[in-house]
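Line by line, the protein sequences give chains A and B.
Going by our numbering, the first sequence opens with residue 1, and the numbers climb by one from there.
Going by our numbering, the second sequence opens with residue 261, and the numbers climb by one from there.
Since the hints were derived computationally from the structure, they do not count as laboratory data.
If you're wondering where the values come from, they're calculated on a predicted model, not measured in any experiment.
Not one of these hints is a red herring.
Computed from the model, here is a short list of chain A residues facing chain B with C-beta under 7 Å:
id: 1; residue: Val-79
id: 2; residue: Ala-82
id: 3; residue: Asp-85
id: 4; residue: Ser-138
id: 5; residue: Thr-139
id: 6; residue: Gly-150
id: 7; residue: Phe-152
Even glycine gets a Cβ: it sits at the ideal position worked out from N, Cα and C.
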Amino acid sequence: MACLRRIAALLLLIGLPGWGAITRTARGTIQIKGGASLETDCSGDFDPADTDRIIAIFASDGTSISTANWIGLGDATLVENASVDNTGNVRTHIVSVSGAGLGSGHVRITQSGTGNARACLTLTLSGGNGLPVFAAASTGTGTGTAASTGSFTCTPNSGADCAWIGGVGAEDNLLGQDAPSWTNPNNAGQQDGTEGGGSTSNITALEGYEIDSGAVTQALAATLESSADWAAVMVTYKEPASGGAVVKDIIMRGVIVRPR
Amino acid sequence: MPQITNIVASFGDGQVVAEVDYNDANLALTKGRIRNTSLFPAFFEAVLDAGDRFGFTCPANTNRTVNIPNNTYFYSRDEEGNLSLVGITLHSTWPA
Numbered sequence: 001m002a003c004l005r006r007i008a009a010l011l012l013l014i015g016l017p018g019w020g021a022i023t024r025t026a027r028g029t030i031q032i033k034g035g036a037s038l039e040t041d042c043s044g045d046f047d048p049a050d051t052d053r054i055i056a057i058f059a060s061d062g063t064s065i066s067t068a069n070w071i072g073l074g075d076a077t078l079v080e081n082a083s084v085d086n087t088g089n090v091r092t093h094i095v096s097v098s099g100a101g102l103g104s105g106h107v108r109i110t111q112s113g114t115g116n117a118r119a120c121l122t123l124t125l126s127g128g129n130g131l132p133v134f135a136a137a138s139t140g141t142g143t144g145t146a147a148s149t150g151s152f153t154c155t156p157n158s159g160a161d162c163a164w165i166g167g168v169g170a171e172d173n174l175l176g177q178d179a180p181s182w183t184n185p186n187n188a189g190q191q192d193g194t195e196g197g198g199s200t201s202n203i204t205a206l207e208g209y210e211i212d213s214g215a216v217t218q219a220l221a222a223t224l225e226s227s228a229d230w231a232a233v234m235v236t237y238k239e240p241a242s243g244g245a246v247v248k249d250i251i252m253r254g255v256i257v258r259p260r
Numbered sequence: 261m262p263q264i265t266n267i268v269a270s271f272g273d274g275q276v277v278a279e280v281d282y283n284d285a286n287l288a289l290t291k292g293r294i295r296n297t298s299l300f301p302a303f304f305e306a307v308l309d310a311g312d313r314f315g316f317t318c319p320a321n322t323n324r325t326v327n328i329p330n331n332t333y334f335y336s337r338d339e340e341g342n343l344s345l346v347g348i349t350l351h352s353t354w355p356a
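The whole structure should be built from the sequences, with the hints applied where relevant.
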């Protein structure tokens, strides 16, 4: 009986074995139509948790990223997980960094070359089991309304989730692209874009997302509202395996750790 | 027959770069190339709306250039004179 009470106390102390989950949070958008500055502050300030992955989807009228940094409390450089270039028309990047050790701030992207039309979408993925990390990516470029990437698989760790983040940059204004239809990933996320002048002088960025607890194989599939040159990226992030299986192992073997 | 190289995609902070060469005279894609300094393979493919596709895998830590079937996959030019991908999509994936 005493042994059972100890087991119950242990479970209460460390929590019942559970399923981790990834939560996506929209953090804001920005669009800029030209100007002399090469810098883009992608959102207002927010305070990421240590288990958050900070992600920015950046679409521009062709120029590459020189630097992507966290501006605020803490110092971090975002790593480019994947980028795709529809040459001369639109380029889309997905960059990310761990929120560990960072305080209130935002992502700032600095372009190479000229500061032309661009749009940036910021989000975070919070892992119930810990920090989601980059797993794989696929890209696609084309013209028309059917944006796509290659197909690939994300298999979650034990008791954990995969997050699918899709980003599509379109050489068009937001008004012409603000009603996309997302098939994969299956949720429409944030969107922003420039306006004014000829439609092809503008850039719109679109986000799709999906969280899965089982293995999934899929390609990005989104239908744009209007035909345009597009550049699409889809990236998967995986959180660590749940600690629940480890706890269960320990209890099944009858090992009791006394709390101090 | 001037050949021009375009970077199509990049992965893992530049560990993998996918490129295509094209003929500036007739806009035909002539070669696909993956420069892979990563520990994982990468994949590139060109897909026509009509259904044909051509792709190849580049092993880990390898550079690979492959001839694209002659005069089958083309860029086009839009009204502004920029390259465009009408009827064709270019995909890249890493790790493949």
